[in-house]
Amino acid sequence: GAGVSQTPSNKVTEKGKYVELRCDPISGHTALYWYRQSLGQGPEFLIYFQGTGAADDSGLPNDRFFAVRPEGSVSTLKIQRTERGDSAVYLCASSPDWASGSGEQYFGPGTRLTVT
Amino acid sequence: AQTVTQSQPEMSVQEAETVTLSCTYDTSESDYYLFWYKQPPSRQMILVIRQEAYKQQNATENRFSVNFQKAAKSFSLKISDSQLGDAAMYFCAYRSSFYGGSQGNLIFGKGTKLSVKP
Chain H
1 GAGVSQTPSN
11 KVTEKGKYVE
21 LRCDPISGHT
31 ALYWYRQSLG
41 QGPEFLIYFQ
51 GTGAADDSGL
61 PNDRFFAVRP
71 EGSVSTLKIQ
81 RTERGDSAVY
91 LCASSPDWAS
101 GSGEQYFGPG
111 TRLTVT
Chain G
1 AQTVTQSQPE
11 MSVQEAETVT
21 LSCTYDTSES
31 DYYLFWYKQP
41 PSRQMILVIR
51 QEAYKQQNAT
61 ENRFSVNFQK
71 AAKSFSLKIS
81 DSQLGDAAMY
91 FCAYRSSFYG
101 GSQGNLIFGK
111 GTKLSVKP
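Protein chains in written order, with the working numbering: chain H, 1 to 116; chain G, 1 to 118.
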C-alpha cells in the first residue's frame, strides 16, 4: 500500500513569505506527527494529531507555526512570515494508534524548506 | 525530560565486517520503547529495530541486533556482515509508553553517519 507522502519535496521561499507543507498519511492511521530536522541534527517534535484535533502542540517554536488536520487524514503545516532559521527538513509521520503496541511511526520523505 | 545521546558523529566499517553504534538515554520512566532508524540520502526514515524496555531479551532483525542495558541506560546497535546499502545516518530514538502519559512523540539523538568501505 501507499506510504506517507509529503508535498512539495522541496520549497524555496523568500524571508517573510507564507508557506504550506502538506502531509498525506497512510490510510486509516489516526495518529499524525510533524517533526523538524535541522542540518546535522535529529528530528525534533513539533505537533501531534489524534484524529482531527491537535493533541499536543508543545513543540511548535512560536505562533508563526500552525498545523491543521480538518478531516482526520491530510495535514497541513503552515508557517507565516518565514525566517531564515526556519530552513530545515520537515518530516511527517503517521501511526495506526500510538497507544497500542509500540505505536510504530511511518515517516514520509520530508519537505526541504529553504528560506532565502 | 528525556534525552538521547549519540556520541559518535561518524563511523566507518569495511564491507562484510561488524560495526556497533552507541546510544545512551536519560529517563526516569520504567516503561518505554527504544528505536533505531536509518535515514539514507533520500531522507526517508526507515525503522531498523525496536526494543520494549520491559523485555529483557535483546531484539534482533536479521543482520541487526541491539545490546539493551536498562540499568546503564544504554542501547547500542550492532550491524553484522555490513553491506554497501547500510551506509546512511542512523538515529536512536526514545518513546514513552502510553501509561507514561506522553503523546507518543519520538525523541531522537543527533545521529551517527555510517560509511561502508568496499
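For the record, the hints were derived by calculation from the structure and aren't laboratory data. Check each hint, because a few of them may be wrong.
Partial list, computed: chain G residues near chain H (C-beta under 10 Å) [stated by the list, open to error]:
#1 33
#2 37
#3 39
#4 43
#5 47
#6 50
#7 67
#8 68
#9 91
#10 105
#11 106
#12 107
#13 108
#14 109
#15 116
Since the model is a prediction, treat every value here as computed from it, not as a measurement. Idealized CB from N, CA, C, for every residue including glycine.
Taking the hints in turn, this is what the structure says about them:
no.	hint	result
1	33	holds (5 Å)
2	37	holds (8 Å)
3	39	holds (9 Å)
4	43	holds (4 Å)
5	47	holds (6 Å)
6	50	holds (5 Å)
7	67	violated (19 Å)
8	68	violated (14 Å)
9	91	holds (5 Å)
10	105	holds (4 Å)
11	106	holds (6 Å)
12	107	holds (7 Å)
13	108	holds (3 Å)
14	109	holds (5 Å)
15	116	violated (20 Å)
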